[in-house]
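Chains as they are written, first to last, in my numbering: chain P, 1226 to 1656; chain Y, 1226 to 1656.
Hint data in this document are derived by calculation from the structure and do not stem from the laboratory. Even glycine gets a Cβ: it sits at the ideal position worked out from N, Cα and C. It is possible that some hints are incorrect.
Claimed, not checked - Here are some, though not all, of the chain Y residues that point toward chain P, as calculated from beta-carbon distances under 7 angstroms:
#, residue
1, I1236
2, Y1242
3, S1246
4, E1311
5, A1313
6, H1324
7, S1328
8, L1338
9, H1339
10, V1442
11, A1444
12, G1445
13, Q1584
14, T1585
15, S1587
Number of protein chains: 2
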Amino acid sequence: MNTKRNTVPEIPGAGDYLIASKTCELMSLQYFLQMGRLVQCISSLVHGLQRERGASNVFLGSSGKKFQEERKSLAVESDRLKREFELALAEIHEELTGHPVSSRLLNQIASALHGLEGLGELRRCVVARKVTAESATEDYSSLIHNLIAVVFEAADTAVDPTIAGLLVAMVHLMNGKELCGQERAVGSAGFSSGAFDRALSERMAHLIEAQERCFEVFAGFADADSLSLWQKVSSHEREGEIERMRRLASSVGRFKDLDPELADQWFKLMTERIDALKQIEDSVEGCFHTRCIERFAAAKKSLAHQETLVASLDTGGAASQPLLVLCNSGSEGSTGEAFSSEGMGQQFGRSIFELVQEQTRSLQKMTDELQSAKEALEDRKTQEKAVLLLMKHRKISNDEAHRLLRKLAMDQGRKLPEVARSLISMADVLK
Amino acid sequence: MNTKRNTVPEIPGAGDYLIASKTCELMSLQYFLQMGRLVQCISSLVHGLQRERGASNVFLGSSGKKFQEERKSLAVESDRLKREFELALAEIHEELTGHPVSSRLLNQIASALHGLEGLGELRRCVVARKVTAESATEDYSSLIHNLIAVVFEAADTAVDPTIAGLLVAMVHLMNGKELCGQERAVGSAGFSSGAFDRALSERMAHLIEAQERCFEVFAGFADADSLSLWQKVSSHEREGEIERMRRLASSVGRFKDLDPELADQWFKLMTERIDALKQIEDSVEGCFHTRCIERFAAAKKSLAHQETLVASLDTGGAASQPLLVLCNSGSEGSTGEAFSSEGMGQQFGRSIFELVQEQTRSLQKMTDELQSAKEALEDRKTQEKAVLLLMKHRKISNDEAHRLLRKLAMDQGRKLPEVARSLISMADVLK
C-alpha cells in the first residue's frame, strides 16, 4: 500500500477503506441520534391524536353533549405537537434526503404527512357532526397508523442491534398503545350509546388480543427500566377494573341498555392506562437516546484509534512482510485454508491484518445480534400481508382476517408468523 | 400541504418525501451502474489471478522446469488487471465513502486491497520456489476469495430485485469458477507430481461437489443468454474428458505413479473450461449493465412524471378535499379499516393519494421480489458460518466440515441451509 500510495496518491488503500467502514457506522449512529428525536415527536403526536380521537368519540357518541371544550383544547394541543413533529422532520430532512437511507421510510413519511394534511377537514366534520363516531375513529386511526409506520420503517433501517432492538420495542409499544386507544374509542362509543352490538364486541375482543401480542414483542426487546415500568402497569389494580368492564362490553346483548355513566368511568380508566403506556414510551426513548450517545462515543473512539494505527502503518513497515500478511488475511476466509498461522510474528503485518479482521468480526457479531430484531419486524410484515391477503380472497374484514389467522394457527398448533408465511407462500396457488 | 408550505416554506410536505423516495431509488440505481464496472474488473482480475495461480502451480509442481515464462507474463497481465480494478475503485470511491452504503462492503474492500498488497511478495516466493504448490495455491485462493467476497457484499446492498438477482448469479458463478480454478490447481499438483494422495483426492471431490452447488444457484438467478451459454458449457464434449480424468485422480492410490504428461492435458482442459466460465461472467455483467441502464431510465422517467404531478398539486386543489383523501390514505393500512372507499371521487385528492399508494405498492413488490435473492445470499452466509463453527468445535479442516455438513443433511433428509441454520442455532448449546 505504502509504496503505491506514495507514488499514486489518488488510489485508496486498505487503510482508507477500513476507516471508511468505521466512518460508515459512525454516520449511521449519528443519523439515529437525530431519528430518536423524530421518534419521540411521533410518540407525542400520536398520543395527542389518540386523546383527541377519544374526546371526539365521546363528543359524537353523546350527540355533541359531552366533551365539546375538551375536544377543542385537545385539538389545539395536537396542532402544537404536529408542529413539533414537522420541525423535527425539517431538522433531519438533510440526512433523510441528502443521502437517502430508504425509499420505504421516505415514502412512509410522505404517507404520514399526507394524512396529517387532512386533519383540519376531519375536525370540521367532527364539529359539524357530519361523521359517525366509527368513521371519525377510522380516520384518526389511519392517520395514527401512518405515523407509527414511520417508526417501523426507521427500525427497519437500523444496523446497530442495540438500536434496532429498542426501535422494535418502541414500535410494538406504540402499536399496542394505539390498539389500546382504539379499544378506548370502541368502548366509549358502546358505553356512551348505551349498547354494544356484536360488531363492537368482536372488534373489542380483537383489539384486546392484538394488544397482548404487541406487548409480548415489546417485552422481548425493551430495556430493563422500561420493562419494570411495564410490569408496574400490568400489575396495577386499574387493570382489574378494566377487565371487568371489558367483560361487560362483550357479554351485553345488542338490545340491552347500559348505564351511559359507565362511559366516563371507562374513558377515565383507559385514559390512565394510555397515559401510563406513554410514560413507558418516554422511558424507551430516553434509553434509546442514551444508547445512541454511548455507541456513538465508542465508535468515535475506536475510529480515532484505528486512524492512528493506520497512519502509523502508512509511514512504513506494513509492506515489509506482505506475504505473511497475505497468508493470514485468508485465514478467516472460507476457501478451505482457514486458521493457517505462518508468520503471525510480523508486528506491522499483524496489526493491519488484525484491524481488518477485528472489524470483520465486530460487523459479523452485529449482523448476528441484529437477526432477532429483523425477524420481529419481518414477522409483523408477514402477518399484515397475510391479513390483507385473507381480506382480499375471502372478502372479510381486517378483524375477521386476524381471527381466521389466529384460528389457523391454533388448529395447526403452529406460531402465527409461521402460518402467515405458509399462507403467503400459497398465495399464488390461491389466486 | 399547500397552505402550510406557502406560509412556512422550510417545512417539507408529503410531495417532497414522495419525490425523495423516488430519488432514493434513482441514486441507488446510479450507484449500481458504477458498481457494475467494479464487478467486471473484479471478475477479470480474479480470472487473471486464477491463470497466474495455475501457472505458478505447474511451475512449482515441476520443480521450476515448466511454465517459467508463462507464469511471468501472466503476472504482468494480473498487474494490469489489478491496476484497472484499483482505478475502477477510485472512480466509485466517492459514492462508496461519501454516503457509505455498507460497513461490511467497505471492510471487505479493505480486506481485498490488503490481500493484493501482498501479491508481489508471494510471487517472489514462488519464483525463488520458497513455497510449496499447496501453500502458493492457498495464498492465491484467499486473495481471490477476498475479491469475490466484495461482489457478495455488493449484492447484499442491492435493493432492486432484478439487479440483486443478477449479482447473486454473478457471485455464485464466480465462486463456482474459482472452485473450478482450485480444482485445476489441485489436479495440476497431483498430475504433475505423478500421484494423488488421499488428501488431494478428497480435496478434489469436495471442490467438484461445491462447484455444482454454486452453479445450481447461478442457474436459478441468471438471465436467459447467460443461462444458454452455461448449458453450452455443461453439454460440451470437454466435460466428458474432464470427468474421466477426475475419476483417474480419485481412484489412483497414493503410491502409484501417473504419467506426468497428463498434467498438461488436465491443465489444458480445465483452462478451456475456466475461460468458458469467464465468458459467461462477461455475459452476466453485460446483462447487468443493460438492466441497470433500463431501470435507471425508467426510474428517471417516473420521477419526472411524479415531479410534474406533485407540482400541479402544490399549485392548489389537493387540500380541497383532504378528509376524503385521509379516509382513503388509511385504506391500504392495517388498522382494520382497509378498503373503505368513501370519497374516491375527488380528482386532486385521489391523485396525491394514489401517487403515494402507487409508490408503496411498487416498493412492496420490489421487497417481495428481493426475498429470494436475499435468501440465496443468506443461505450462503449461514453455510459458511456453520462450516467455520464445525471447524472450530471439531478441530477439522474446511473440507471435512463441508463433508460433515453434507452428511448431516443427507442423513436427516433436509436441505443444507436448513441443517446449517439448526447447527448455528445450537451453537451456544454446543459451547
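Hinted contact A1444 of chain Y with chain P - closest CB pair below 7 angstroms: violated, 22 angstroms
Interface restraint verdict for H1339 of chain Y against chain P (beta-carbon cut-off 7 angstroms): H1339 of chain Y check passes; min Cβ-Cβ to chain P is 4 angstroms, inside 7 angstroms.
Satisfaction of the Q1584 of chain Y interface hint, Cβ to chain P closer than 7 angstroms: holds, 5 angstroms
Restraint check, 7 angstroms cut-off on beta carbons, for H1324 of chain Y near chain P: holds, 3 angstroms
Interface hint for S1246 of chain Y, Cβ within 7 angstroms of any Cβ on chain P: holds, 4 angstroms
Minimum beta-carbon distance criterion (7 angstroms), S1587 of chain Y to chain P: Violated. Min distance 9 angstroms.
Chain P contact restraint for E1311 of chain Y - C-beta distance below 7 angstroms: Given a least distance of 5 angstroms, the restraint on E1311 of chain Y holds.
Hinted contact T1585 of chain Y with chain P - closest CB pair below 7 angstroms: Because about 6 angstroms separates T1585 of chain Y from the closest Cβ in chain P, which is inside the 7 angstroms limit, the hint holds.
Given hint I1236 of chain Y near chain P, where the shortest CB pair must fall under 7 angstroms: holds, 5 angstroms
Hint check, A1313 of chain Y versus chain P [nearest Cβ-Cβ separation less than 7 angstroms]: This hint is violated: A1313 of chain Y lies away from chain P, its Cβ roughly 11 angstroms from the closest one there, beyond 7 angstroms.
Cut-off 7 angstroms, beta-carbon criterion: hint that V1442 of chain Y touches chain P: Given a least distance of 15 angstroms, the restraint on V1442 of chain Y is violated.
Interface hint compliance - G1445 of chain Y to chain P, C-beta minimum distance less than 7 angstroms: This hint is violated: G1445 of chain Y lies away from chain P, its Cβ roughly 17 angstroms from the closest one there, beyond 7 angstroms.
When the structure is compared with the earlier hints, violations turn up for hints 5, 10, 11, 12, 15 and for no others.
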